[in-house]
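Peer 1: Sequence:
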Amino acid sequence: MNKRKTGAGREQQAAEYLEENGMRILERNFRSRQGEIDLIGRHEGYLVFVEVKYRSSSGCGYALEAVGYRKQYRICRAADYYRFLHGMGEDTCVRYDVVGIQAGEMKWIQNAFPHIYK
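Residue numbering for the sequence shown follows my numbering, beginning at 1 and increasing consecutively.
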């Protein structure tokens, strides 16, 4: 199985998990020049931008550690563009979550990082 298929399968798995836990998925794989967002949903009054990370083992590090500052910045820029495209103002409550999948275990970190302004 290639990496793209593996990633799509893990994103589907994460989307199902999030939906089971009350999130309504609005969009998958939003792409723009600013960056890419794996999942976008609504949860508890927030517009939520979700990054999904998968590691088959800890040999290359842990899945949740793979969302560094540069990735966070690109997600924030893409999120700003998404809100612009959909006419959502600055008053929209936004949250950035990360779902890590590793060794058959899924962890959902809500509000994993703050919005990065630059």
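Worth double-checking, as some hints may not be accurate.
Stated by the list, open to error - Listed next, with one range per pair, are the computed distances between beta-carbon atoms: (1) GLU105 with PHE84: 30 to 38 Å; (2) TYR81 with ARG42: 12 to 20 Å; (3) GLU105 with ARG33: 31 to 39 Å; (4) GLN110 with ARG70: 31 to 39 Å; (5) GLU20 with GLY87: 28 to 36 Å; (6) GLU19 with ASN111: 15 to 23 Å; (7) ALA8 with ASP91: 19 to 27 Å; (8) ARG33 with GLY87: 28 to 36 Å; (9) ALA103 with ARG83: 18 to 26 Å; (10) LYS107 with ASN29: 19 to 27 Å; (11) LYS118 with GLY22: 25 to 33 Å.
What the hints assert, rightly or not - Derived lysine to aspartate or glutamate pairs resembling EDC-like cross-links, with alpha carbons at most 16 Å apart: (12) LYS107 with GLU20; (13) LYS71 with GLU16; (14) LYS107 with GLU65; (15) LYS118 with GLU20; (16) LYS118 with GLU65; (17) LYS107 with GLU36; (18) LYS118 with GLU44.
These are computed hints drawn from the structure, not numbers from a lab.
Here a beta-carbon is modelled for each residue, glycine too, at the ideal position from N, C-alpha and C.
Peer 1: Could you run down the list of hints and mark each one as holding or not?
Peer 2: Comparing the hints with the structure gives:
Hint check: GLU105 to PHE84, Cβ distance near 36 Å, so the stated range 30 to 38 Å holds. Here the CB-CB span from TYR81 to ARG42 is close to 18 Å, well matched to the stated 12 to 20 Å. Between GLU105 and ARG33 the beta carbons are some 34 Å apart, a value that agrees with the proposed interval 31 to 39 Å. The beta-carbon spacing between GLN110 and ARG70, approximately 22 Å, falls outside the hinted interval of 31 to 39 Å.
Taken as a hint, the range 28 to 36 Å holds for the pair GLU20 and GLY87, whose Cβ atoms sit roughly 30 Å apart. At about 19 Å, the CB distance of GLU19 to ASN111 agrees with the hint of 15 to 23 Å. The supplied range of 19 to 27 Å is broken by ALA8 and ASP91, whose beta-carbon atoms lie about 34 Å from each other. The beta-carbon spacing between ARG33 and GLY87, approximately 19 Å, falls outside the hinted interval of 28 to 36 Å.
As the Cβ distance of ALA103 to ARG83 is approximately 35 Å, the hint placing it in 18 to 26 Å is violated. One distance hint, 19 to 27 Å for the beta-carbon pair LYS107 and ASN29, holds here, with the actual separation near 21 Å. Distance hint check for LYS118 and GLY22: the Cβ-Cβ separation is about 32 Å, which falls inside the suggested range of 25 to 33 Å. Between LYS107 and GLU20 the CA atoms are separated by roughly 14 Å; this keeps the pair inside 16 Å, and the hint holds.
With a C-alpha separation of about 24 Å, the suggested pairing of LYS71 with GLU16 is violated against the 16 Å cut-off. At most 16 Å may separate the alpha-carbon atoms for a hinted pair to count; LYS107 and GLU65 meet this at roughly 12 Å. Distance hint between LYS118 and GLU20 is unfulfilled; the C-alpha atoms sit about 35 Å from each other, more than 16 Å. The straight-line distance between the Cα atoms of LYS118 and GLU65 is roughly 23 Å, outside the 16 Å bound, and the hint therefore fails.
Simply put, LYS107 and GLU36 have alpha-carbon atoms about 21 Å apart, too far for the 16 Å limit, and the pair is violated. Distance check on the hinted pair: LYS118 and GLU44 sit about 27 Å apart at the alpha-carbon level, beyond 16 Å; violated.
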